[in-house]
Amino acid sequence: MKRQQLQRAAVTAASSVLAVFVALLISAVILLITGKDPVKAFTTLFGAAGDTRVIQGSLNRATPLMISAAAVAIGFKMNLFNIGVEGQMRVALLATAVVGAAVNLPAPLHIALCLVVAMASGAVWSGIAGWLKVKRGVNEVISTIMLNFIALSLVAWAFDDFFRVESPNESVLVKTKELPKSAWFPDLVDRRLNGMLLVAIAVLILFWVIVWKTRFGFRLRASGGNPGAARVTGVHPQRMILISMLLSGALAGLVGMRALLGDVHAYQNNLAEQQGFNGIAVALLGRNHPLGIFFSAILFGFLGEASGKLQLEDIPKEIATIMSGIIVLAVVIINEAVKRWDDRRIQRKAAAELEKVSA
Amino acid sequence: MTAVTAVAAPERSGWKGLSPARRTMIIWLGGMFVLSIVRIIADADDLTSSGTIASTLRVATPILLAGMAGLWAERAGIVNIGIEGMMIVGSWCGGYGAWKWGSWAGIAMALVAGSLVGLLHALATVRFNVDHVVSGIAINTLAAGATEYLSIIFFKGQKGGGESQSPTGKGGYGEFDMPFLSGGRIGSWRSPDILGWFERQHDLPLVPDVAGFVRGLTSDICPRWSRLRSSHSRCGCCGARGSGCVCVRVASRRRPVRASACRSTACGIRQWP
Chain Y
1 MKRQQLQRAA VTAASSVLAV FVALLISAVI LLITGKDPVK AFTTLFGAAG DTRVIQGSLN
61 RATPLMISAA AVAIGFKMNL FNIGVEGQMR VALLATAVVG AAVNLPAPLH IALCLVVAMA
121 SGAVWSGIAG WLKVKRGVNE VISTIMLNFI ALSLVAWAFD DFFRVESPNE SVLVKTKELP
181 KSAWFPDLVD RRLNGMLLVA IAVLILFWVI VWKTRFGFRL RASGGNPGAA RVTGVHPQRM
241 ILISMLLSGA LAGLVGMRAL LGDVHAYQNN LAEQQGFNGI AVALLGRNHP LGIFFSAILF
301 GFLGEASGKL QLEDIPKEIA TIMSGIIVLA VVIINEAVKR WDDRRIQRKA AAELEKVSA
Chain F
1 MTAVTAVAAP ERSGWKGLSP ARRTMIIWLG GMFVLSIVRI IADADDLTSS GTIASTLRVA
61 TPILLAGMAG LWAERAGIVN IGIEGMMIVG SWCGGYGAWK WGSWAGIAMA LVAGSLVGLL
121 HALATVRFNV DHVVSGIAIN TLAAGATEYL SIIFFKGQKG GGESQSPTGK GGYGEFDMPF
181 LSGGRIGSWR SPDILGWFER QHDLPLVPDV AGFVRGLTSD ICPRWSRLRS SHSRCGCCGA
241 RGSGCVCVRV ASRRRPVRAS ACRSTACGIR QWP
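If you're matching them up, the sequences are chains Y and F in order.
The first sequence maps to residues 1 to 359 in this note's numbering.
The second sequence maps to residues 1 to 273 in this note's numbering.
Certain hints may be false.
[Said to hold, decoys possible] Derived DSSO-like pairs: lysine-lysine, alpha-carbon spacing no greater than 27 Å straight-line:
1) Y:Lys177 x F:Lys156
2) Y:Lys349 x Y:Lys339
3) Y:Lys36 x F:Lys159
4) F:Lys16 x Y:Lys36
5) F:Lys16 x Y:Lys309
6) Y:Lys349 x F:Lys156
7) Y:Lys317 x F:Lys16
8) Y:Lys317 x F:Lys100
[Said to hold, decoys possible] Okay, the calculated bits of chain Y under chain F, using three or more residues with CB under 8 Å as the criterion:
9) 123-129
10) 279-290
11) 326-332
[Stated by the list, open to error] Partner residues are not named here, just some residues of chain Y that face chain F (Cβ under 10 Å, in silico):
12) Ser143
13) Ile145
14) Met146
15) Met323
16) Asn335
17) Arg340
To be clear, the hints were calculated from the coordinates, so they are not data collected in a lab.
Small disclaimer: the values here were computed from a predicted structure and weren't measured.
Backbone N, C-alpha and C define an ideal beta-carbon position, used for all residues, glycine too.
Make a model of the complete structure from these sequences and hints.
Put into structure tokens, the structure is as follows:
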């Protein structure tokens with residue numbers, strides 16, 4: 001049994017690594033076709049890994065990705081797609097910025113309050129999609145996408161009409177009222193790496209414990225693996241949908257906190273943009289497992305951070321975005337191909353054993 | 001004979017007695033009438049002008065096409081979240097083709113490019129049984145990166161082109177206004193713009209509204225060539241890139257001035273005119 005599990009894990013890991021290599025190969029072809037030197041591009045890109053500042057920056061960028069990937073993964077575990085992390089994050093960002101700026105508390109309490117507000121407001125927004133799914137059977141992919149649009153416009157409007165603070169210079173970024181110092185999340189490395197990384201890692205560990213070590217987690221996985229069987233054994237599917245949607249939204253609320261509490265300290269409209277969507281790709285690449293999410297978030301963070309160096313070599317940094325897209329596509333396709341190959345291998349082995357027994 | 005008709009269509013009076021076509025007609029006219037009252041009270045002649053109707057159609061066209069793209073895939077049992085990616089790759093290639101070889105080549109290239117990305121989606125979902133949503137999202141990421149990358153390589157530095165838009169395309173699709181109704185040309189003779197005259201009678205109720213509506217449908221059918229942009233645009237204010245980032249003119253309640261601001265994934269930078 002143990003050996004089989006090891007084999008499975010090895011096959012999974014190998015297919016992920018293979019996918020990354022295939023993606024690199026395809027990116028190299030794209031670079032070649034467009035007349036850029038792929039060797040120079042890759043040495044520049046991966047040469048940056050030796051730079052401490054780049055590593056700190058990558059971890060800093062990876063922080064929100066880890067959390068948003070966990071938010072997505074908790075839904076994926078029961079075949080529930082929460083595409084709405086972006087919207088939930090935006091709602092939470094504005095709510096936290098407003099509430100956080102309105103109160104005065106000692107530092108640890110203030111930060112805790114901000115995190116709680118973020119989780120609660122994110123959960124409220126995702127709860128709408130969960131409620132629609134449970135009560136009306138609305139497909140959560142559609143409702144979360146639509147709620148994204150609503151959230152983006154609603155937050156932009158609320159910010160614009162009620163919460164923005166006029167700055168004397170009109171072409172400067174407008175923000176909400178700045179959070180008091182007590183709500184600032186401390187940096188690990190001054191101005192380079194924020195302490196939210198530890199929160200993200202804690203979230204991933206908690207995710208692992210909840211999904212793999214608790215009764216709730218077992219039910220979650222059971223509903224994802226075989227909804228019919230789960231229902232028969234007494235799992236309440238509707239309640240599971242609602243709870244996992246709320247959990248996912250609560251995590252989504254935390255996504256923007258690195259930028260809000262650790263960096264800008266006020267809400268502005270481009271804060272933590274796209275982090276919710278990127279989390280989906282990270283969750284896919286990490287195969288919805290905390291360890292996988294951890295490493296793929298760092299990979300994505302690194303690609304984003306190191307791509308800046310490419311521009312010095314006259315190579316558009318967008319090649320990093322292309323690479324992340326190809327990596328995700330390659331991972332899902334190769335993963336599926338390898339799974340088929342592995343299934344066939346096991347079937348052949350079983351057939352051979354059977355033949356031996358019958359002979 | 002008469003008895004048979006009487007049985008088949010029992011006499012109904014009022015609303016129910018009207019044929020569906022007539023009911024639709026009345027609803028349309030009623031709506032028009034309400035609009036015309038609003039127009040007169042609010043003194044907003046633009047509300048039902050032919051320009052408004054024409055822009056409505058223009059703005060609705062891409063949405064309509066995207067909706068049809070989704071319908072097509074849905075009918076085949078494929079969830080297509082990757083429409084966005086197919087659209088932006090298509091529009092990039094359309095911009096490239098129009099720039100190099102002219103507007104019709106642009107359309108052809110857009111069709112081919114969009115269907116190639118569709119082929120990628122099909123390869124992933126049909127051949128390899130990858131989850132439809134997953135493949136679509138990966139395609140969106142890929143397309144966003146690819147169009148930006150290619151724009152920087154091919155469009156940046158060209159005349160009229162840049163990181164977010166293709167150079168102006170060659171040729172156009174021609175213009176067409178309906179003769180007599182909207183003042184279109186027959187040969188070189190310019191026919192009278194009859195609806196245009198009715199549309200200008202702003203003091204009347206209903207007449208200019210109906211005229212504006214019909215004229216909106218019949219004039220400027222192929223608008224003048226403006227510029228085929230790759231739709232993966234970059235916000236003019238903040239420079240933030242993202243397919244959802246569109247610069248619009250909005251009026252803020254606090255500030256009645258029309259300001260240009262970045263809407264959906266908004267940047268917050270506003271430029272006062």
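Do the hints match the structure? See the list:
no.	hint	in the structure
1	Y:Lys177 x F:Lys156	violated (39 Å)
2	Y:Lys349 x Y:Lys339	holds (15 Å)
3	Y:Lys36 x F:Lys159	holds (22 Å)
4	F:Lys16 x Y:Lys36	violated (71 Å)
5	F:Lys16 x Y:Lys309	violated (72 Å)
6	Y:Lys349 x F:Lys156	violated (57 Å)
7	Y:Lys317 x F:Lys16	violated (65 Å)
8	Y:Lys317 x F:Lys100	holds (25 Å)
9	123-129	violated (count 0)
10	279-290	holds (count 3)
11	326-332	holds (count 4)
12	Ser143	violated (14 Å)
13	Ile145	holds (8 Å)
14	Met146	violated (13 Å)
15	Met323	holds (8 Å)
16	Asn335	holds (8 Å)
17	Arg340	holds (8 Å)
In this structure, the hints that do not hold are numbers 1, 4, 5, 6, 7, 9, 12 and 14, in rising order.
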